[in-house]
Every structure is written in C-alpha cells, then in structure tokens.
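Undergrad: These protein sequence lines are chains E and A, in that order. If you count the first sequence from 1, you need to add 119 to reach our numbering. If you count the second sequence from 1, you need to add 10 to reach our numbering.
Note that these hints are calculated values from the structure, not bench results. Note that the Cβ used here is the ideal one computed from N, Cα and C, for glycine as well. Heads up, some of the hints might be wrong.
[Claimed, not checked] With a Cα cut of at most 35 Å, we get these calculated DSBU-like pairs of lysine-lysine:
no., chain 1, residue 1, chain 2, residue 2
1, E, K165, A, K238
2, A, K234, A, K273
3, A, K231, E, K165
[As the list claims (entries may be wrong)] From chain E, some residues computed to sit far from chain A (all C-beta separations above 12 Å):
no., residue
4, M120
5, R121
6, A141
7, S163
8, W184
9, W196
10, V200
11, S202
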Amino acid sequence: MREKIDQEVSVVMYYSARKQVAQPHTISWQNKEYTIKEIGYKHSIKDGDTLHHIFELTVNEADLWMRLNFDTSNLHWKLEVVSDGLAN
Amino acid sequence: MDLRINDIQPITMHVDLNSCYAIIEQQANPLIRNKPVGVAAYDSPGGFIIASSYEAKRLGIKLMRIREAREICKDIIIMMPDPEKYFDAHRRFKAVLESYTNEVTPKSVDEFVVNFAGSRALQTGKSLINVGYQIKRDIKKSLGNYVTVNIGIGPNRFLAKIAAGMDKPDGLDVIQPQDIWNVYGQMDLLDLPGINYRYRARLNLAGIYTPLDFLEAPMFKLKKEVFKSIVGYYWYLRLRGYEVDGETFKTKSFGNDYAVGKKTSDPDEVSRLVMKLCEKTGRRLRHHDYQAQGISLWLSFENGTWWGKSKRTKSLIYSTQDIYLSAVRLLRMVDFPAKVTHIHLAVFDVVPATPIQLGLFDGTRLDTKSLARASDKINDRYGEFTVVPATMANMQDIIIKRVPFGSVRDI
Numbered sequence: 120m121r122e123k124i125d126q127e128v129s130v131v132m133y134y135s136a137r138k139q140v141a142q143p144h145t146i147s148w149q150n151k152e153y154t155i156k157e158i159g160y161k162h163s164i165k166d167g168d169t170l171h172h173i174f175e176l177t178v179n180e181a182d183l184w185m186r187l188n189f190d191t192s193n194l195h196w197k198l199e200v201v202s203d204g205l206a207n
Numbered sequence: 011m012d013l014r015i016n017d018i019q020p021i022t023m024h025v026d027l028n029s030c031y032a033i034i035e036q037q038a039n040p041l042i043r044n045k046p047v048g049v050a051a052y053d054s055p056g057g058f059i060i061a062s063s064y065e066a067k068r069l070g071i072k073l074m075r076i077r078e079a080r081e082i083c084k085d086i087i088i089m090m091p092d093p094e095k096y097f098d099a100h101r102r103f104k105a106v107l108e109s110y111t112n113e114v115t116p117k118s119v120d121e122f123v124v125n126f127a128g129s130r131a132l133q134t135g136k137s138l139i140n141v142g143y144q145i146k147r148d149i150k151k152s153l154g155n156y157v158t159v160n161i162g163i164g165p166n167r168f169l170a171k172i173a174a175g176m177d178k179p180d181g182l183d184v185i186q187p188q189d190i191w192n193v194y195g196q197m198d199l200l201d202l203p204g205i206n207y208r209y210r211a212r213l214n215l216a217g218i219y220t221p222l223d224f225l226e227a228p229m230f231k232l233k234k235e236v237f238k239s240i241v242g243y244y245w246y247l248r249l250r251g252y253e254v255d256g257e258t259f260k261t262k263s264f265g266n267d268y269a270v271g272k273k274t275s276d277p278d279e280v281s282r283l284v285m286k287l288c289e290k291t292g293r294r295l296r297h298h299d300y301q302a303q304g305i306s307l308w309l310s311f312e313n314g315t316w317w318g319k320s321k322r323t324k325s326l327i328y329s330t331q332d333i334y335l336s337a338v339r340l341l342r343m344v345d346f347p348a349k350v351t352h353i354h355l356a357v358f359d360v361v362p363a364t365p366i367q368l369g370l371f372d373g374t375r376l377d378t379k380s381l382a383r384a385s386d387k388i389n390d391r392y393g394e395f396t397v398v399p400a401t402m403a404n405m406q407d408i409i410i411k412r413v414p415f416g417s418v419r420d421i
C-alpha cells in the first residue's frame with residue numbers, strides 16, 4: 120500500500136569521491152532511524168529553475184520503500200511517499 | 011519479375027524495454043519485484059491499465075480496466091504513472107545505445123532502432139550478437155539490475171522488430187535473410203508489425219491469409235488490389251528485408267489528450283479544461299518554434315458518442331490565447347448529448363515560427379507573441395502554470411502530465 124507523506128525529514132547523506140556517488144545514508148522519520156538498504160532508482164526533475172533529486176529506496180529496518188525528494192534550492196529533504204509493496 | 015529476398019548482412023537492431031513503465035516501477039521499488047503490477051492512468055476501478063509487469067501479463071492482465079484486472083488477481087499492485095521517471099529512463103537507454111553508434115532512432119519511450127552500418131563496433135570485427143549482449147549489460151548498469159530488454163537483429167527495421175518479439179522477455183534473436191520463410195511460416199498476419207484488423211480484412215479479401223501468402227503475393231497485386239496505393243509496394247519491399255521505414259517524417263501537428271476524471275457536461279467547465287489543453291499544446295508548439303494554421307477539437311461522451319471538428323484558421327496561431335479563441339469557436343458548435351469523458355485538442359499544419367511574418371490584418375499580434383514568449387520564460391524558470399490566463403485560475407492539478415505513446419519529441 121502506498122501512502123502519501125509529504126513531510127520534511129532529517130537525512131544523513133554521504134558522498135564517495137572514488138565512486139562519484141552521492142546518496143542518502145540514514146533517514147529520521149517519526150522518531151525512528153532508517154538506514155538505506157537499496158537505492159532502486161534515482162532521477163532528477165526540474166520545477167522551473169529548481170532541480171530536485173528523487174531517490175526511491177528501501178530500508179533495512181522494515182519492509183518499507185520510500186520516495187525522497189532533495190530540493191537543491193534550499194537543500195531540504197522531503198519524504199514524499201512510503202509503501203509496503205502490497206496492493207492498495 | 012519477382013524481387014529476391016534482400017540478402018544483406020543483418021545490421022539493424024531493434025531494442026525495446028520489457029513492460030517498460032511497469033519494469034521501471036519494479037526497478038525503483040524492490041518490494042514490488044516479481045509481483046503482478048499494473049500502471050494505470052487513474053487508480054479508480056474504471057482506470058485503464060496502460061502497462062503491466064510480466065507477472066501480470068502471465069495472468070492475462072494486459073490493457074484493461076483496474077476492476078477487470080482485480081477480478082483476475084485481487085492482489086495486483088496498481089501504480090500511477092511517473093512520466094518524469096520514464097523520460098529519465100528513456101534518456102539513459104538512449105545514451106547507452108549512442109555509445110555504440112550515432113545512428114539511433116527513438117520509436118517511442120521504450121523502443122529504439124539502431125543502424126550499425128559503418129559503426130565502430132562492426133569495424134573492429136565484433137559480432138552484432140556480442141554487441142547485443144553487451145548492450146543488455148550496459149542497460150542493467152545504467153538503469154538497474156532488474157531491467158531487461160528484448161533485442162532483435164534483422165536486415166531491416168521490420169524484421170528486426172519481429173526478431174525482438176520472438177523471445178520475450180530478455181531475448182536476443184537474429185533473423186537472417188534465409189530465415190524469412192521459416193519465421194513467417196510460424197506467424198499470423200496480425201503478428202506482423204503494422205498489420206491491424208483492417209489490413210488483415212483487406213488481405214483476406216485478396217485471398218492472403220498468412221504471412222507466407224503475403225510474401226508470395228506479386229507486387230502488382232499488393233499495390234493495385236490490396237492497398238490500392240504505393241503502400242502495397244512498400245509492403246512488398248518490407249517483407250523481403252528491404253528498408254522502407256527509415257524516413258523520419260517532419261512534424262505536422264501538436265496535440266494533447268485528456269481523459270476527464272470528473273465527467274461533466276457543463277460547457278464552462280469543459281471550456282476551462284480546453285483552456286488548459288490549449289496552454290499545454292501552445293507550450294509545446296512554441297518550445298519547438300512552430301506556429302499552426304489549423305485546429306481540431308474532439309470530444310467523447312459518456313453515452314459512447316463523439317463530436318469532432320477541424321478548421322483551418324485565417325491567420326497563424328501561436329499564443330495560447332490564439333489557440334483558445336479558435337478552440338472556443340469550435341466548442342460553441344457542440345451540443346452536449348451527455349457528460350464529456352475525453353477531450354483531444356490539436357493544432358495542425360505547423361510551420362516554423364521564425365522569422366516572424368507579420369500579417370497585414372493581424373493588429374497587435376506581435377504583442378501577443380511577445381507576451382506568449384515572456385510567459386513561457388517565466389514558466390520555464392518558476393515551473394509550469396506559474397503564469398496562466400485568468401480562465402485557468404486554480405486549475406494547477408486538473409490536467410496532469412501523462413506518458414506519451416509513440417512520439418518522443420518532447421523528452
């Protein structure tokens with residue numbers, strides 16, 4: 120089941136110069152910490168001049184998929200949607 | 011005299027992404043992999059599934075309404091389309107193919123034709139089969155491990171597409187000129203790309219019931235009796251492996267569709283929806299630097315009837331207001347027999363917008379053009395529908411972006 124969240128969340132991100140990869144590592148949401156298990160897909164969208172990076176990922180602590188939006192205009196993270204991978 | 015089968019080396023490759031939208035969603039969300047998934051235009055029971063995963067296809071779920079799909083599999087996962095993600099996948103897909111040759115032609119979001127004639131890969135003596143397997147690996151690296159593609163290699167685009175469909179999913183097949191008889195012998199007419207029910211009926215009337223009959227039919231019969239045009243000659247060549255589908259046609263029209271979520275027969279409400287389609291169409295028209303010389307409007311109604319009209323305009327249309335004024339003239343002719351379910355608006359006979367040609371009786375049209383360009387610049391910078399005509403106030407989310415079928419010129 121997918122649920123729209125649209126809440127700002129705290130995120131720890133890392134960047135590897137060797138792999139040339141920047142991605143979220145830990146997400147704090149509803150007083151729980153989630154570490155990233157797998158980034159399924161990452162793409163960028165433009166809203167006018169503002170670039171947003173969209174990360175779709177799963178976490179280690181639960182059977183949970185998340186869609187995270189990184190707004191490059193203010194460097195804020197938003198958790199847009201979560202899903203348990205089951206039918207609605 | 012009969013034309014022989016074209017016996018050139020197969021160097022045309024057709025690559026298509028398996029169950030494109032569904033597999034990209036499965037790639038993005040590992041929790042829905044290996045499960046029946048449908049991507050639907052709306053998530054209401056009447057919403058139409060436009061793409062289904064292989065797991066869903068195996069259950070018989072293809073293009074159908076969600077309620078019908080749920081009767082087959084109550085646990086099917088329904089997703090709404092995410093066009094930006096699919097466009098991103100398209101661009102990555104294209105970049106992989108362009109690393110092999112410049113001769114890459116997108117046929118749709120999930121289909122490409124690659125011509126390897128003169129490519130570096132072939133010059134270095136690599137077999138196209140090995141190149142195909144390398145492309146599969148590169149696509150996994152670029153889009154993700156779950157993504158698979160079908161690859162077909164043939165003497166022309168038509169046979170390459172047939173080859174790509176022979177071994178789904180994740181196949182790689184080659185049709186050599188000498189295989190053509192055997193391949194056609196295992197197919198029905200409707201399996202041939204480009205042959206629909208109407209064409210099959212025409213062929214049947216002429217005594218052609220199988221692809222082999224089609225191949226053996228003389229050219230004059232196809233041209234004079236079956237298709238009654240040059241199309242018959244093209245089919246004669248295409249079936250024999252000669253390339254007739256390589257031409258790229260120039261843009262003739264721009265249009266937008268909208269399946270009305272909240273059906274209505276209120277002319278004012280329909281007019282507002284038409285306005286938003288005008289803005290979307292106008293944005294695309296101007297983005298490609300065209301102006302149009304005609305407009306068409308089609309409405310479908312809940313009772314199964316439809317209304318449509320096309321009209322050439324006296325002057326060139328360019329701004330959203332130009333399009334809307336012409337559309338409203340058409341809309342005033344409609345007698346609504348029921349609620350509107352679907353709206354299609356298009357502008358046609360497009361010509362380049364620059365250099366600007368001023369008409370004698372255009373009044374302040376130059377100002378309209380400047381205004382349209384200025385508002386496009388603002389919307390480019392601050393996001394779609396930041397500046398809109400007053401008619402469109404508070405309509406931001408009414409007509410959302412949809413995935414395109416066929417054309418990829420806006421990606």
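Undergrad: Decide, hint by hint, whether the structure agrees.
TA: A quick look at each hint next to the structure:
| no. | hint | verdict |
| --- | --- | --- |
| 1 | E/K165 <-> A/K238 | 49 Å, violated |
| 2 | A/K234 <-> A/K273 | 46 Å, violated |
| 3 | A/K231 <-> E/K165 | 54 Å, violated |
| 4 | M120 | 9 Å, violated |
| 5 | R121 | 8 Å, violated |
| 6 | A141 | 17 Å, holds |
| 7 | S163 | 7 Å, violated |
| 8 | W184 | 5 Å, violated |
| 9 | W196 | 18 Å, holds |
| 10 | V200 | 10 Å, violated |
| 11 | S202 | 6 Å, violated |
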